[in-house]
Each structure stands twice: as C-alpha cells, then as structure tokens.
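One-letter residues, chain by chain:
Number of protein chains: 2
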Amino acid sequence: MKFKRTERMGAIVKILSDNPNKVFTLSFFTEKFNAAKSTISEDILVVKNVFEKLNLGKVVTIAGAAGGVKYIPKISDEDNEIFLKELCEKINEPSRILAGGFLYLIDLIYNPEISSKIGKIFASYIDYSEADYIVTIETKGIPMALMTAKAMNLPLVIIRKDTKVSEGSSLNITYMSGSNKIVQTMTLPRKALKEGSKVILIDDFMRGGGTLRGMEDLMAEFNAQVIGKGVLISTSSPKEKLVKDYISLLELKEVDEKKGIIKVEPNKDFIIN
Amino acid sequence: MKFKRTERMGAIVKILSDNPNKVFTLSFFTEKFNAAKSTISEDILVVKNVFEKLNLGKVVTIAGAAGGVKYIPKISDEDNEIFLKELCEKINEPSRILAGGFLYLIDLIYNPEISSKIGKIFASYIDYSEADYIVTIETKGIPMALMTAKAMNLPLVIIRKDTKVSEGSSLNITYMSGSNKIVQTMTLPRKALKEGSKVILIDDFMRGGGTLRGMEDLMAEFNAQVIGKGVLISTSSPKEKLVKDYISLLELKEVDEKKGIIKVEPNKDFIIN
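Keeping their order, the protein sequence lines are chains R and G. 1 is the number of the first residue of the first sequence in the numbering used here; add one for each residue after it. 1 is the number of the first residue of the second sequence in the numbering used here; add one for each residue after it.
Accuracy of the hints is not assured; some may be wrong.
The list treats identical chains as interchangeable, and a pair is accepted whether it falls inside one copy or across any two copies.
Think about it this way: if two alpha-carbon atoms lie no more than 25 Å apart in a straight line, the pair counts; the simulated DSS-like pairs of lysine-lysine are [claimed, not checked]: (1) Lys239 to Lys191; (2) Lys263 to Lys181; (3) Lys53 to Lys2; (4) Lys74 to Lys258; (5) Lys191 to Lys90; (6) Lys22 to Lys90; (7) Lys2 to Lys74; (8) Lys53 to Lys198; (9) Lys241 to Lys164; (10) Lys194 to Lys90.
Everything labelled a hint here was simulated from the structure, so no lab data went into it. What you are looking at is a predicted structure, and each value in this text was computed from that prediction instead of being measured.
Construct the complete structure from the given sequences, taking the supplied hints into account.
Set out below in structure tokens:
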C-alpha cells in the first residue's frame, strides 16, 4: 500500500504522541509506509515543525546505530499555568471540605484527563534523563504516577502498605505519617527494583513529608538513588518538611472547616529546595 | 498565525488521539488554526481516512448543536492478538512463579505501555456508550482501569479495602475473596458515585469471582447498574464463577510450582456468558 504525505504525517504524529519518549527507527517507518528513507526524513522534519509551532512538545532525532526519532512531551509554562489555575478553582470549592478538615479530591485526581495532564507537567519539570523507575505509594497517587511514567516512558513501581503473600519476598520499613501520627508500614517486593536504580518519587499530597521520607528510606534499602520527587499538593504549614528538593505543583495555604474556606494556589516556581 | 494543511493535520491528529472520546467542535479548530470551516472540514476528512487506512481507530463526526468530531480508539483484532500473545509469552516465564503458586505480574501490569494497551483493548470490546464510570478496586487493577477510563473518556472510581477518614462518609460491604477465603471489606465514599449511574467494572485477576461479585453488591448499594465487566486474566478452574457476562482477555490454564510451568493463553472469544 502507498501513502500520501498527509497520511504518513498523520500516522507518524499518532504513533509518536501515543508513545512518548520511545525511540522509533527510520526503518520502522520506511517499512510501515513502504517509502524511502529520504521521504520519511522529510516527513519527520514537517512533524518536528508542527510540534514546535503549536507548542505540543518536542520531536528529537537520535543519531547513531540505536538512533531514530522520539517525542518528548512538554507542556508550555503558559498552558501549565492555565491548567493549574483551573484545577485550583475546582479544589477551592467549599463543598470539598470533609469532617476533620480533609479535602475530597479523588474525583479530580482519579480523573484520567486531569491525571494525564499532571503527569505531563511532572515530565516537563523533573529531569528524568537518567531515571529508571517512577515510584509511588498506594493509593491516591497511583493515577498521576502512572501518567507520569507514561509521559516519561518509564516503568511504574507501587509501594504497598501491607505485605502481600502474592508478590513474593519483600523489604519492609516502618515510617511515621504526618497526617495521623501513627507508625505505618510500607513494603515492596524484592523483585520490584533492580539493584542500584535511579528513581523518581511521585505522591499526591504532602504535609510533613513523612511518607516521602519513608519512601526515601525504603529506596535506600534497595540501594536505589532518588533523583527527583514530585507532589501535586503540599501544605504551607509546617514550613519545614522532612524532605528536600521536591517539586510541588500546588500549595495548600488554608483549610477552615467552620468558615468553609479552602485556599489552594499554584506554586510560583514549583521547585522547593 | 497561518498553518499549512500538513501542520493543521498533524495538530488535529495529536489533539484527537490525546483525548479519546472527547468531542471537539469545528469552531475549536477554526479558532485554533485561524481557518475557514470548510478548510477544517476537509482536514478532518483527511484525518478520518488516515485513521481508517492505518487501523488507528475511528474518527467520527457528531451532528447537531453539541456536534463536532471525536476519536474512538479501537485496536484491530489482529493487533490485539499479537499484543496478547506477546503478553502471554512474557507471563509464561517460569521465573514468575512465586511460593504458593502465585504469579509475579506487577512489572507487566503496572507498565504504562502495557496497561494503556489493555485499556484500549477493553475499550474495543466493551460497549461503553451509556457508561458513566469505570470502577476498580485497589491496587493491582488500578493502572489498567485508569487506562480504560482514559480510552473511554470516563471518570475512574477506586474502591478501597479500608475506610479512610480522609474521604468522608462511605458505604461498606463485606465479601469473600476466592484466593484467600477470608471475609474482607470494600468501601467507597458516598460522594464517589452519582445515584443511578451505569458503571463498568475492571479488575486484573479473577479466580472464583468473589471480588467482582462484591463489587456488584457494592454498586447495588449505590443504586448503580453494572453494564460491563472486564478482567485481564481469569483462571480456567473453577469453571463456575460467581459472576456472569464478563470479558476476560487471558485465561490461566495451569500453574505448577514444582514443575515450573505457567500456561496463560489469550481467550478465543473474550466474552464469557
């Protein structure tokens, strides 16, 4: 079958954007479209320009034997800001305040459209060029962590809170979670991480940082190096967290159960040292 | 800014395929590309043909006031078969057998590339035209359920095994899980589902069907109607499950811990009545 340029273009865009950060060789496309290398090279040049002109991320060519072309998702600062502002408006609905001052957020953070956007934002601001895994802890952070892993083309690892007989021998640690001040367990099968890996931690919410600190401790047990940390929301108080060098997209400044006030705002510069 | 046809095409493909089942109006595109309606209509016709010719799913036009264009992901039977066969080959590695005859599968089912493919397959075989939610239970089914929700453009609901103080008042049921024959709890916040919803249940693994049956019971508490059920793997024994009318992509025929044999195969016709 022969294809027109517009058809090849459309298909290349679809394949690249469905598989972020995955390298496709030129031969993959020449075979698929029954076309010459020079033709495909020209197609890819056009695709590159489309992505650049419309701020849809970046298409890069990798030289050498293992070379080819891949798509790096990157959301523009402007689009990020619009998305995060809209998300804050949704979060700041007084009806979201639950007894005890907790926030009902699962309809938002489980939403595939929202979680995939959050994943792409993490992929735009966390350097994952050397990362081997995305690591999260069950349950609420899983959707955004999976979408981050998808955007970065990395495998996802999920830390459990109880050891499962069905996952083989595992490493456990205990930690103190900030929100309910009780000692909890986290556990991960031995097979889940290769020795000496580099990982990025993702979680939905951080108050004191106890959970992320526990995740760091567990990673140390696997001789894994934490090279990045991202949370969707961190609270402004306590100011001192148990972890450093994390990216927090939003800041929870106030929850007043009696007055029915929630104040969550986008973090100005994301990165907190 | 003005755009060439190839540029508009590329961008339209990207936008549609990033947002399955989401309707975009013609005006959305005419504004974005500063182009006439007739021009955009022609672009969309070309996009339709590309998707059809290359088996990338379907682009459909919706008439009327709320009209526009949307992309319906659909993987061809042939591609499904190839993918599921390859997945079975990976699963059938003897090193995956754990003590007790359990299978180590989390590296596969947490993988974003694999889980997104599974989601698209569920979206190709389960009728979701009337569905309001995808519902799963923590933890292992979450990645594939989220990707199913993404492909169907539906919100995801995650049933928890313990009540969380941080999610508000909830409905709980007890159920008997087939694999460990103990009474367990499942729980869902009252706010998680609208009264009278239609839902599709997704889970990773089914032996006796106790978990899915429990999910059905919980849905009944919400007056929700279960209109579809999908699992990745079901076991061939017991043949009689506690639920009917489900789609199972793979069948686990045998696990022999001593001999180191696993036999998982694609289900011939998916749908089991």
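Tested hints:
1. Lys239 to Lys191: Classified as neither: same-chain Cα gap 36 Å, cross-chain 32 Å, threshold 25 Å.
2. Lys263 to Lys181: Only inside one copy: Lys263 and Lys181 sit 24 Å apart there, 46 Å across copies, limit 25 Å.
3. Lys53 to Lys2: Intra 28 Å, inter 10 Å, cutoff 25 Å: inter-copy only.
4. Lys74 to Lys258: neither (40 Å within a copy, 49 Å between copies)
5. Lys191 to Lys90: Classified as between: cross-chain Cα gap 15 Å, same-chain 40 Å, threshold 25 Å.
6. Lys22 to Lys90: between (34 Å within a copy, 20 Å between copies)
7. Lys2 to Lys74: between (32 Å within a copy, 23 Å between copies)
8. Lys53 to Lys198: Neither: 34 Å inside a chain and 41 Å across chains, both beyond 25 Å.
9. Lys241 to Lys164: between (30 Å within a copy, 24 Å between copies)
10. Lys194 to Lys90: between (40 Å within a copy, 18 Å between copies)
Going through the hint list in order, the structure does not satisfy hints 1, 4, 8.
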